[in-house]
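Trainee: Sequence:
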Amino acid sequence: MKKIPSSAKVIVIGGGVVGCSCAYHLAKFGWKDIILLERDKLTSGTTWHAAGLVSQIGPSAPITKIRKYSLDLYKELEKKIDHSAGLRLNGALSIAQEEGRWQELKRQATTAQLYDFDVKILNKDQVKEKVPLIKNDDLLGGILMPGDGSGDPSGITHLLAKAARSEGAQIYEDTPVDKILVKNKKIEGVIVNDQKIECEYIVLATGMWSRQIGEKVGVSIPLYPAEHFYVITEPIDSIPKDFPVVRDFDSRTYFKEDAGKLLLGIFEGKSIPAFDKTNKVPENFSFGEFPENFEHFEPYLNACMKRFPILEKIGIRKFFAGPESFTPDTNTLLGEVPEVKNFFVCCGLNSIGIASAGGVGKVTAEWMMNGHINEDIFSYDIKRFQKFHSEINFIKERVTETLGDLYGMHWPFKQHKTSRNIKTLPYHNFLKNNGACFGVVGGYERPMWYALNDTKPEYNYSYRYQNWFPSAEYETKNCRKNVGLFDLSSFSKFELSGKNSYELLQKICTANIKNEKGKCVYTQMLNVDGGIETDLTVVCIEKDTFRIVSSAATRERDKYHIKKYLNNDTKFIDVTDDFCVLGIFGPKSRSLLSNISKSDFSNENFKFSSGKYIEILGKKIWAQRLSYVGELGYELYCEKDVSTDIYLKIVEEGYKFNLSHCGSHSMDIMRMESGFLHWGHDISPEENQYQSGLNFTISYKKNVDFIGKQSLLKIKDKKQDKNIMMFSLLENKPGFPLLLHDEPIYVNDKIVGRTTSGNFSFNFKKNISYGYVNSGNSKEDLVGKKIFIEVEKIKYPAEVLLKPLNSKKYKIL
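The opening position of the sequence shown corresponds to residue 0 in numbering that gives the first Met the number 0, with each subsequent residue numbered one higher.
Some hints could be false.
What the hints assert, rightly or not - Derived lysine-lysine pairs resembling DSS-like cross-links, with alpha carbons at most 30 Å apart:
hint	residue 1	residue 2
1	64	708
2	563	8
3	518	715
4	395	422
5	31	340
6	715	562
7	807	597
To be verified - Simulated restraints on C-beta separations:
hint	residue 1	residue 2	range
8	796	421	39 to 49 Å
9	749	499	47 to 57 Å
10	775	185	39 to 49 Å
11	317	729	50 to 60 Å
12	749	175	48 to 58 Å
13	499	286	48 to 58 Å
14	463	696	32 to 42 Å
15	602	796	36 to 46 Å
Because the hints were derived from the structure by calculation, they are not lab data.
Treat the numbers as computed from the prediction; the structure is a model and nothing was measured.
We put the beta carbon where it would ideally sit given N, CA and C, even for glycine.
Throw the hints in and build the complete structure from the sequences for me.
Mentor: Here you go:
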């Protein structure tokens, strides 16, 4: 083996399909000084035993782009590199037994049209025509993706490795990394065979080993392996060579033709965590397998024989049991970790590694080279997680559920059942006693809705009418008529102070921040290309002391973004867990607070977008007059030790004003009624403030070259390639259809955009949706046009709304 250089720009650790993709793209895009180190042989770990399924449709637009790019790349490289990817694109057929699954598949087929995929919807008889061996008596139908299929995991890995070498990357097998070197919280290099190799960056693509490798340098990587199973039958003469991949989600099984045999795989509802005794993946488990566990597999084998009766007469040639790693939400882990600068991860593919490897390698390379990514990739960003997500008790329990989530129902608003109650509020039991149905965000148990009339506070999941709609109707109507109490404690909260804190905020925020006690400013933070990185509110607590409030789900990501620009003269603290926050919104909120506090809440002395200290029960409380629901309202920041007393006092006095407890669903409905956007749904780094209608938060008057300003100046007077709009269906029956996201928007018969958020407004009796419409269409242009939003292959007539449904002058009340 040739000697390893003493330095490199990037070291990729791990020679599976993902690591080879990262090395290829980094070299392809211009960083030639790339070294890939593999402790054993290429494909070791989990790549070698992958089933090799290649599917292109994902649960969101960005994930679909990643998968589509992957397959296109494999096809392209096969033409250029003398190596086969083993692609067999005989199509993929997903079948449905249950009505909910049938609705889900039709939604997938509808979304696929946004990407020009060839998708066919088949009834049960057409399913039988496509796959004559299948038993179809219990089926409702299926969707066929003719361009999908399978590939050879080893072939694709070596294809990418050859392509990487052709671009100048160097690959070393049988070369374990003994240690990752970190200095001053920045990557310095690695140790290999007692040799130090200096580098600027590393990419950790070590699959199921990633968590324990990260632990050694204080990096949290939330994944853990579970036992994963498939069997390969004896040869079956009657299987045609063009047999498509068949996914029977409701039976949690899949079928793939394998050289005249059938591979039968499963994604069971409750999985078995691997390496249960040690909680560690052995370093020498490169090509390891587990003992057969026929008892665990047998119920699913019976389901396979029911679906394909021919299997009753066929023997099993190979029973495979091996590890596969899964994350807390079944999404991949990408991006720079918050703990160590220039430490990137690309792992946690959740058994979709072959289908995604090309795309995640591309995204990783672009992210590293640009310092950011101009795509809505948050659902893959490792910074969506916090440290507790990688703690062994949490992740090991969670993967018993997430493996099965891949083939379980992907219900709207579905909540995990495992690893719950990580963070509960001091008054959690009082919320529970008031009927709260809890969901989880950022680890916090947060009320989603409150059960009425002694009904159970449990979700009854559906793609139609939601069982919590009566609660949301009561909560939203009462809040607009009287007053609602919302818990906002899970929102991310940071404090920034020091003599340069004001200048720093002016640099990283687009709006003109006020360094005056009590002034609140709504703003965004951008990347240098003008993409929206963070949506936030900044309030001045004291001169040169600010509190930053942003989304609950983006806590680590927003903290990471801000800390990139800190200097020695600023102090930054995460205070999210220090305060409970109660939102009191509605026309009677001022009267309620005036009854429990002697402070002056009049419009003259407590204007909108301002804050001040008030007293309740003799306790000093910071109050802000802000409202995400479009009503007169206040946010109360209570220290945790007094929060329960404050909560109980509000509830006690609130009954005089018909106060209702309100959950997150109601807040989401009301923010849409009021024209407010949500980062991660309606805005992301993929959009700029002109496209999203947020240019009112840009201050060119402040004499600051804020981040992203130069990019904004280039586009401010130009026509945007897309613009956000709000739509209402002419059909206004709640849940029929259930508007969510990624539904095609039509003008006449042409797709012109896609939706980003959807809800039913009970106050205005309308199905409403946000969506981006391609250039060439303004709101005014679409008035009177035939507009449709398509759900489950049905086009529903819609109209564009020129202004928000809720246009109350709540700022001056």
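Trainee: Against each hint, give a clear statement of whether it holds in the structure.
Mentor: Results for each hint:
no.	hint	result
1	64 with 708	holds (29 Å)
2	563 with 8	holds (21 Å)
3	518 with 715	holds (28 Å)
4	395 with 422	holds (18 Å)
5	31 with 340	holds (21 Å)
6	715 with 562	holds (28 Å)
7	807 with 597	holds (27 Å)
8	796 with 421: 39 to 49 Å	holds (45 Å)
9	749 with 499: 47 to 57 Å	holds (52 Å)
10	775 with 185: 39 to 49 Å	holds (46 Å)
11	317 with 729: 50 to 60 Å	holds (56 Å)
12	749 with 175: 48 to 58 Å	holds (55 Å)
13	499 with 286: 48 to 58 Å	holds (55 Å)
14	463 with 696: 32 to 42 Å	holds (37 Å)
15	602 with 796: 36 to 46 Å	holds (42 Å)
Comparing the model with each numbered hint stated earlier shows that all of them hold.
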